[in-house]
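Turn these sequences into a full structure, and let the hints steer you where they fit.
What follows is the residue order along each chain.
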Amino acid sequence: AQSVTQLGSHVSVSEGALVLLRCNYSSSVPPYLFWYVQYPNQGLQLLLKYTTGATLVKGINGFEAEFKKSETSFHLTKPSAHMSDAAEYFCAVSAPWGYQKVTFGTGTKLQVIP
Amino acid sequence: DVKVTQSSRYLVKRTGEKVFLECVQDMDHENMFWYRQDPGLGLRLIYFSYDVKMKEKGDIPEGYSVSREKKERFSLILESASTNQTSMYLCASRIRGPSMNTEAFFGQGTRLTVV
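Residue numbers (our numbering), protein chains in the order written: chain A, 14 to 127; chain B, 1401 to 1515.
Some clues are possibly wrong.
[Claimed, not checked] Computed cross-link-like contacts, DSS-like style, restricted to lysine-lysine with a CA-CA straight-line distance of at most 25 Å:
| # | chain 1 | residue 1 | chain 2 | residue 2 |
| --- | --- | --- | --- | --- |
| 1 | B | K1403 | A | K62 |
| 2 | A | K81 | A | K122 |
| 3 | B | K1470 | B | K1418 |
| 4 | A | K82 | A | K62 |
| 5 | B | K1418 | B | K1471 |
| 6 | A | K71 | B | K1403 |
Treat the hints as calculated values from the structure; they're not laboratory data.
Given below as structure tokens:
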């Protein structure tokens, strides 16, 4: 069984400030972890993923996330927020076998204040 | 460029109607998924399919069925639509087996309103 908890359904940051979106996971096997972004009235787009290897993962649009097994966390960060980052972000987990389902968190809406 | 296409962006149906949501992918993926998205609840898995004619129930299958007659197409069926099925429906596909390219690819979503 696997699950994801995203802390904070809404996060507000000022333009240029650090973005930190929190994600904790639960998995009985070594997980694959994902962050997706959703802009209004669109589908989900992959930001970054962790499968194996380096625990610090870099994604698109300047985002990165660090897999911390001891903390069962996969927090998403960006050093400097841009207005275009305003969107909803979803953390997701799956077992490392492709036929398994992907389980999503409840999402965090990021607001960027000018 | 990989693509998952959902047949409708917006649908309005009446209570009791039979509703078909269609999804097609061009990536030759074995796995396909239907999720429902509601505010505050994130994405919840309705059904998934790991091969043609194969299906597995997800977390909220009640009131829904699916069909996968061809590898590239996965249909979600609401046998008798109800107002509590008003939602955004997202289709996704994913390669099977251990792979670095193991993320799910999503369609644009279908916003269904049942009146």
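Verification of the supplied hints:
1. K1403/B x K62/A: holds, 19 Å
2. K81/A x K122/A: holds, 23 Å
3. K1470/B x K1418/B: Roughly 21 Å separates the two Cα atoms, so the pair holds.
4. K82/A x K62/A: holds, 15 Å
5. K1418/B x K1471/B: holds, 23 Å
6. K71/A x K1403/B: holds, 23 Å
Of the numbered hints given earlier, the model fails none.
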